[in-house]
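Dock chains L, R and Y against chain A, hints included.
Protein chains in written order, with the working numbering: chain A, 1 to 259; chain L, 1 to 259; chain R, 1 to 259; chain Y, 1 to 259.
This list has only true hints and no planted wrong ones.
Now the in silico label distances, taken between C-beta atoms and shown as ranges:
1) R/T5 x Y/D191: 31 to 41 Å
2) R/S120 x Y/R49: 44 to 54 Å
3) R/T5 x A/P253: 50 to 60 Å
4) Y/R49 x R/T5: 39 to 49 Å
5) Y/G44 x L/G44: 41 to 51 Å
6) Y/R49 x R/M240: 35 to 45 Å
7) Y/E257 x L/G189: 50 to 60 Å
8) A/E131 x Y/E165: 55 to 65 Å
9) A/E131 x Y/K141: 32 to 42 Å
Straight-line C-alpha distance at most 27 Å; calculated BS3-like pairs for lysine-lysine:
10) R/K185 x Y/K17
11) L/K17 x A/K185
12) Y/K259 x R/K17
13) L/K259 x A/K43
14) L/K185 x A/K17
Selected chain Y positions facing chain A (Cβ under 10 Å, derived; list incomplete):
15) P84
16) A90
17) S94
Rather than coming from a laboratory, the hints here were simulated on the basis of the structure. Built from N, CA and C at the ideal position, the CB exists for glycine as well.
Protein chains: 4
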Amino acid sequence: MSEETWKTGITKIEPNKIAYKGYRVEELMGRVPFADVVFLLLKGEMPSREQGILMDAMLVSSIDHGATPPSALAARTVASGGAPLTTAVAAGISSINRHHGGAIEGCMRVLLEAVERKRSSGKDVATLVGELVEEYKATKKRFPGYGHRVHTEDPRSTRLFAIAEELGLAGEYVEMAHSLRSAIKEKMGRDLPMNVDGAIATMLCEMDFPPEMSNGIFAISRSGGLVAQVYEEQTRMRPMRRIDPSAHEYDGPAEREVK
Amino acid sequence: MSEETWKTGITKIEPNKIAYKGYRVEELMGRVPFADVVFLLLKGEMPSREQGILMDAMLVSSIDHGATPPSALAARTVASGGAPLTTAVAAGISSINRHHGGAIEGCMRVLLEAVERKRSSGKDVATLVGELVEEYKATKKRFPGYGHRVHTEDPRSTRLFAIAEELGLAGEYVEMAHSLRSAIKEKMGRDLPMNVDGAIATMLCEMDFPPEMSNGIFAISRSGGLVAQVYEEQTRMRPMRRIDPSAHEYDGPAEREVK
Amino acid sequence: MSEETWKTGITKIEPNKIAYKGYRVEELMGRVPFADVVFLLLKGEMPSREQGILMDAMLVSSIDHGATPPSALAARTVASGGAPLTTAVAAGISSINRHHGGAIEGCMRVLLEAVERKRSSGKDVATLVGELVEEYKATKKRFPGYGHRVHTEDPRSTRLFAIAEELGLAGEYVEMAHSLRSAIKEKMGRDLPMNVDGAIATMLCEMDFPPEMSNGIFAISRSGGLVAQVYEEQTRMRPMRRIDPSAHEYDGPAEREVK
Amino acid sequence: MSEETWKTGITKIEPNKIAYKGYRVEELMGRVPFADVVFLLLKGEMPSREQGILMDAMLVSSIDHGATPPSALAARTVASGGAPLTTAVAAGISSINRHHGGAIEGCMRVLLEAVERKRSSGKDVATLVGELVEEYKATKKRFPGYGHRVHTEDPRSTRLFAIAEELGLAGEYVEMAHSLRSAIKEKMGRDLPMNVDGAIATMLCEMDFPPEMSNGIFAISRSGGLVAQVYEEQTRMRPMRRIDPSAHEYDGPAEREVK
Numbered sequence: 001m002s003e004e005t006w007k008t009g010i011t012k013i014e015p016n017k018i019a020y021k022g023y024r025v026e027e028l029m030g031r032v033p034f035a036d037v038v039f040l041l042l043k044g045e046m047p048s049r050e051q052g053i054l055m056d057a058m059l060v061s062s063i064d065h066g067a068t069p070p071s072a073l074a075a076r077t078v079a080s081g082g083a084p085l086t087t088a089v090a091a092g093i094s095s096i097n098r099h100h101g102g103a104i105e106g107c108m109r110v111l112l113e114a115v116e117r118k119r120s121s122g123k124d125v126a127t128l129v130g131e132l133v134e135e136y137k138a139t140k141k142r143f144p145g146y147g148h149r150v151h152t153e154d155p156r157s158t159r160l161f162a163i164a165e166e167l168g169l170a171g172e173y174v175e176m177a178h179s180l181r182s183a184i185k186e187k188m189g190r191d192l193p194m195n196v197d198g199a200i201a202t203m204l205c206e207m208d209f210p211p212e213m214s215n216g217i218f219a220i221s222r223s224g225g226l227v228a229q230v231y232e233e234q235t236r237m238r239p240m241r242r243i244d245p246s247a248h249e250y251d252g253p254a255e256r257e258v259k
Numbered sequence: 001m002s003e004e005t006w007k008t009g010i011t012k013i014e015p016n017k018i019a020y021k022g023y024r025v026e027e028l029m030g031r032v033p034f035a036d037v038v039f040l041l042l043k044g045e046m047p048s049r050e051q052g053i054l055m056d057a058m059l060v061s062s063i064d065h066g067a068t069p070p071s072a073l074a075a076r077t078v079a080s081g082g083a084p085l086t087t088a089v090a091a092g093i094s095s096i097n098r099h100h101g102g103a104i105e106g107c108m109r110v111l112l113e114a115v116e117r118k119r120s121s122g123k124d125v126a127t128l129v130g131e132l133v134e135e136y137k138a139t140k141k142r143f144p145g146y147g148h149r150v151h152t153e154d155p156r157s158t159r160l161f162a163i164a165e166e167l168g169l170a171g172e173y174v175e176m177a178h179s180l181r182s183a184i185k186e187k188m189g190r191d192l193p194m195n196v197d198g199a200i201a202t203m204l205c206e207m208d209f210p211p212e213m214s215n216g217i218f219a220i221s222r223s224g225g226l227v228a229q230v231y232e233e234q235t236r237m238r239p240m241r242r243i244d245p246s247a248h249e250y251d252g253p254a255e256r257e258v259k
Numbered sequence: 001m002s003e004e005t006w007k008t009g010i011t012k013i014e015p016n017k018i019a020y021k022g023y024r025v026e027e028l029m030g031r032v033p034f035a036d037v038v039f040l041l042l043k044g045e046m047p048s049r050e051q052g053i054l055m056d057a058m059l060v061s062s063i064d065h066g067a068t069p070p071s072a073l074a075a076r077t078v079a080s081g082g083a084p085l086t087t088a089v090a091a092g093i094s095s096i097n098r099h100h101g102g103a104i105e106g107c108m109r110v111l112l113e114a115v116e117r118k119r120s121s122g123k124d125v126a127t128l129v130g131e132l133v134e135e136y137k138a139t140k141k142r143f144p145g146y147g148h149r150v151h152t153e154d155p156r157s158t159r160l161f162a163i164a165e166e167l168g169l170a171g172e173y174v175e176m177a178h179s180l181r182s183a184i185k186e187k188m189g190r191d192l193p194m195n196v197d198g199a200i201a202t203m204l205c206e207m208d209f210p211p212e213m214s215n216g217i218f219a220i221s222r223s224g225g226l227v228a229q230v231y232e233e234q235t236r237m238r239p240m241r242r243i244d245p246s247a248h249e250y251d252g253p254a255e256r257e258v259k
Numbered sequence: 001m002s003e004e005t006w007k008t009g010i011t012k013i014e015p016n017k018i019a020y021k022g023y024r025v026e027e028l029m030g031r032v033p034f035a036d037v038v039f040l041l042l043k044g045e046m047p048s049r050e051q052g053i054l055m056d057a058m059l060v061s062s063i064d065h066g067a068t069p070p071s072a073l074a075a076r077t078v079a080s081g082g083a084p085l086t087t088a089v090a091a092g093i094s095s096i097n098r099h100h101g102g103a104i105e106g107c108m109r110v111l112l113e114a115v116e117r118k119r120s121s122g123k124d125v126a127t128l129v130g131e132l133v134e135e136y137k138a139t140k141k142r143f144p145g146y147g148h149r150v151h152t153e154d155p156r157s158t159r160l161f162a163i164a165e166e167l168g169l170a171g172e173y174v175e176m177a178h179s180l181r182s183a184i185k186e187k188m189g190r191d192l193p194m195n196v197d198g199a200i201a202t203m204l205c206e207m208d209f210p211p212e213m214s215n216g217i218f219a220i221s222r223s224g225g226l227v228a229q230v231y232e233e234q235t236r237m238r239p240m241r242r243i244d245p246s247a248h249e250y251d252g253p254a255e256r257e258v259k
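One chain only, chain A, in its complex shape:
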């Protein structure tokens, strides 16, 4: 015999009725965008209009990053052995961890702790980030979310911060993120702009997501790109090829304007 009944607070299923967190699916469809429903499922409540837009921008920002991240390469490699599309996408998702996307969680923890310290100590932000950078310098730790292998000024970060400002969602985590960059520059002598992981971390803090969820949000976003990567591998490449991550070229549509 089984154990006692267990509880779940996500989706209610009854004959001819499906409700996510209390909202009937047919009421949501066509009216509430996917990004808002993701927010709803993960946080339990609907986002404000502004939060919904920011959430959507975050999902768009990370949907793909070309053929070189471990997720794309793992997915393509598994597809190359002949596995079905979903098996290959799953392998890609499973590569999202400490080093791939993990800086979001790391950066969230830094920002959450910094704001917590600010609140409890009553110190001003400048003093506080100064102390923090000295601590990291002394222990040779790096700040997750700052700096990028490819991009010196990541367009995704710049845009996320701009959207947050426009929408009035830039609060003390955004302030902390900016101050930290200044302090790193001043005390470590390196101007490290926030990368997209850092920018997403800041936005997730502003919207009160738990850091443990961050890899999941990244996975939801990236699943879109992974389906595209695997489908391209399956339809355009020969099986069992050796996938050199460095030797590829973009041959898709030329640059164009969003209308």
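The following block gives chains L, R and Y in isolation, referenced to the frame of chain A:
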């Protein structure tokens, strides 16, 4: 030494520049919804406004179906062993295959073939679906996308068809899907409404997606629910519990209106 | 409430008692080798002494093939993102499919059908393989299990056939495999030695395994190499490196004799 | 262009030549059992005859534990959605983590630290385990590797310790494991026999394996059972069934003697 340079037509990455199918990411963020960008990555072109809304409604329709589908159970079970969130979500994604979500692909193939036959034979729809149902009856085959274990009239299907009508996207695949239901009722004596797989299949046909992509689109949608399921398992349940798929109860928010 | 009790015929678990297919685990441990227990679990009966040795040799033959197969690359790539060892190994396992290891199943089906045809037609082997090769030639099909990208005379195949001969396990499938090679050479003008997939396929036919199990047996074997590959990646390489499948060198122990 | 050549010390591949850690594959096949080759790949050197037997017994001890562990349930659930055998096995492997099999690593760390403390402090074992148990008691920590949900005296543990004694492989880790059980009984009032995770941990310490490898060794072993579980699910059960982990019955061969 490596083989020759390989080509990819999805995302162009250059220092400080990321473009999906030619569109700069910062132009898309905050302006073009996630569902449209998924459509863009998979089809290569932006959806029309109407197609974007339909795509979004499809993604919302399948984001979760409670704790009993194999994807949710596999993900929760893997989480229960102590694996990270993304590993568990990946296991869930990997369960999406022939029997779980696979009816979308199966139904697409039926509809594509039926419309193709109609075009090439010049027969009217009623005659054609009549012949098709007789063939299936003779060989005891079932029509994928019709009938559901739980729902006799699936609210997601009803809503998807309604949205397609409203938006002027209901074309010959929608007509074929309806006619097939009538013919099944008439000739097999069973009134089998289209389930959500069938409805999604019909919409994907209307928007000219290849059937091979259908499981991938389902996976993108369901990734949202899987993150919620795994996070709930990790934070609310004890590890290594025996997850009885039948003995659970919903204890989330009560039914409420979308404002 | 749950559905009715379901049945499993593999392992019986009671307090302080574990029995695989009727054999108590403590009776097996230290007396019956792992390869024999794999055979037992998959076939339901203990192998003969000779079958056990052949099974063991098969498992050893496929345990690793360096850093280039999709399984090793997928596993290393997932590890590179920071995933745990088992997550990475799982990604490797999941790449074993139609093109990677799948020739075992394909070759088994050819051999099973060929021997079946021989039995039912009463034709001699030479006539039968002649007809088969003509059929494949006419439809431009290739024989799975023959030829290799790297090895012109695969030492694993040679050894497996030699072991089967020594042990008296070489029966009509071995005969058929050899005859097929001769007929391919004669009628297609190409001398394609059996690769290890073909040799394993032949042995699995001789031991009456179903073709549907073949990828699983390959996965059991390869899991050994994948743990070694992932552990090396985790302990010796830096995270998020770009893993070029062609640009690696062996720097392990020099060649040595088995004592 | 790619980065510099990277190094791997596991398998050397040249045309018509495959060598694991310096040993030609054809020399190993049929002469050196699979368990020894696993040991070779993971440790870099051949085991002694005694170590090979112990390694083999460990692999046999964990090959399956019926239908209820997360690995079996995850694998069956993924198979139930229609995924291929290897995809389902991979999901099972990926569930092996902190709570499922993870006690091996935890127990190894306890034993390694305890023996290290003994060596550095010069204290006798009884004193040392006494202190250790008091520490755990004070901080309400549990000793991984002791106690089992189902088995009060695990036949696998008993047998592994017996084999180690017989073979002369029972050294200071075995002594420490026994002493710890006595101290737990004396100071915590609970007689907790070592479970199979604890026994394997002890043996891996005696053979000088790193704790980080332990989940991998468990995965190699369990891959055997997972293939059997998935194959049974695929051939004996209907797709998409609800797999109640508690409502199953063994209907395989009756108990029998190893001949």
